[in-house]
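K.L.:
Start from the sequences and build out the full structure, keeping to the hints where you can.
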Amino acid sequence: MQDTAVPPRRLPATEATVIVPVYNEATVLGEVLADLHAVFETVVCVDDASRDGSAALAEACGAVVLRHPVNLGQGAALQTGLTYALEHTPARVFLTFDADGQHDPQDARALAEAVLSGRADVALGSRFLAAAPAASDMPRLRRLLLRGGVVFTRLTTRLAVTDTHNGLRAVSRDAARLLDIRQRGMAHASELLRLIAVHRISYVEVPVHVRYTEYSLHKGQSGLNAVNVVADVLLHGVFRRS
Amino acid sequence: MTIKLLLLAAFALLALLGARLGESPRDMALKRLAVLGLFLASSVAVLFPDAVTTVGQWVGVGRGTDLVLYLFVVVSVLVWLGTYKRMTRLDEQLTQLARAQALLRAEATRQHAPGRMEE
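As you go down the protein sequences, you meet chains A and B in turn.
Residue numbering for the first sequence follows numbering that gives the first Met the number 0, starting at 0 and increasing by one per position.
Residue numbering for the second sequence follows numbering that gives the first Met the number 0, starting at 0 and increasing by one per position.
No wet-lab data here; the hints were simulated from the structure.
Values in this document were obtained by computation on a predicted structure and should not be read as measured data.
Any given hint could turn out to be false.
Here's a subset of chain A near chain B, in silico, CB distances under 7 Å, partners left out [as the list claims (entries may be wrong)]:
1) L65
2) R66
3) H67
4) P68
5) V69
6) A75
7) T79
Reference excerpt, derived from the structure (chain B facing chain A, CB under 7 Å, subset only) [what the hints assert, rightly or not]:
8) A97
9) R98
10) A101
Below, simulated DMTMM-like cross-link-like pairs (lysine to aspartate or glutamate); rule was C-alpha separation at most 25 Å, straight line [claimed, not checked]:
11) K84/B to D231/A
12) K84/B to D179/A
13) K3/B to D65/B
Backbone N, C-alpha and C fix where the C-beta goes; we use that ideal spot for every residue, glycine too.
P.N.:
As structure tokens, then:
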């Protein structure tokens with residue numbers, strides 16, 4: 000019997016949809032989408048009113064493109080993508096994937112398979128799991144802030160998550176129906192974890208690689224934004240809607 | 000001292016109640032009545048400055064101006080809270096509107112996802 004390596008399969012539309020929030024990523028978007036399309040049949044880009052032609056570029060690459068008329072923020076873009084995907088795609092699992100080239104489609108596949116196989120309703124990518132390769136090229140301040148984020152999230156949601164601000168996630172259809180992200184900005188990551196905790200959605204953490212290129216670091220969240228995330232989360236507690 | 004505590008409790012209660020007022024007709028009417036009441040009280044304070052001092056001493060707060068200051072602080076905080084609440088609500092409406100537009104546009108231009116579920 001011949002021992003041939005079976006190439007990893009491509010996830011069809013009936014199984015997975017990848018949601019990519021996009022804001023001014025024309026520089027790398029073409030490459031990111033090409034890599035994604037090799038692994039996933041359905042990619043939905045949500046263009047958050049970019050000014051560099053990202054939307055047209057995404058369309059040319061064959062992605063489904065939703066366009067926000069005004070810039071709302073990554074949280075809003077994600078929710079728009081989720082709403083669309085739930086109603087207009089047959090997928091059983093929905094991925095969230097960053098447009099700046101930091102994420103690896105193979106990791107996304109692993110997260111998708113984790114949910115599809117029934118391990119959990121949500122799979123969260125983590126840079127800090129023991130099995131993950133050491134994040135040696137992560138800037139020190141960022142690592143410190145992320146550690147702080149973990150502590151903060153544990154305090155506010157009581158979830159023992161090791162990487163609280165990782166944009167690579169997979170959610171099942173059932174879980175996606177329960178999600179209603181209202182934070183427009185970067186605090187959506189905390190809100191998502193809070194929703195998982197509140198609805199008691201099952202989740203697993205899966206080790207993922209994050210590539211820190213000069214481009215992505217330049218575009219990434221500034222350390223100061225941690226102040227905004229904390230403020231948004233705490234103020235939500237004050238004005239909790241019944 | 001007891002009077003001061005009662006005053007503080009009254010302030011806290013007012014603040015809580017005020018923060019819970021929304022945009023419904025009833026709440027708007029109540030808020031407007033409160034503004035009217037404030038205007039009337041301020042007018043009395045201007046016309047009868049001694050009255051303010053009397054009330055201040057009765058309450059145990061000291062000078063009348065101190066009482067006015069405290070009330071001003073409470074009212075200010077309520078205004079800030081109300082404004083923040085309103086801003087958050089507008090923000091949410093904006094997001095929902097923009098989202099609806101994005102989805103509608105996708106519909107109209109027949110964005111085709113593979114295996115797309117037909118309506």
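K.L.:
Against this structure, judge whether each hint is valid.
P.N.:
Evaluated hints:
1. L65: It holds, given that the least Cβ distance between L65/A and chain B is near 5 Å, below 7 Å.
2. R66: Constraint on R66/A satisfied, holds at 6 Å.
3. H67: At 5 Å from the nearest chain B Cβ, H67/A passes the 7 Å test, so the hint holds.
4. P68: For P68/A, the interface hint holds, since the closest Cβ of chain B sits about 5 Å away, which is under 7 Å.
5. V69: holds (6 Å)
6. A75: holds (5 Å)
7. T79: holds (5 Å)
8. A97: holds (5 Å)
9. R98: holds (5 Å)
10. A101: Holds. Min distance 5 Å.
11. K84/B to D231/A: holds (13 Å)
12. K84/B to D179/A: holds (19 Å)
13. K3/B to D65/B: With a Cα-Cα distance of about 13 Å, the restraint between K3/B and D65/B holds, given a limit of 25 Å.
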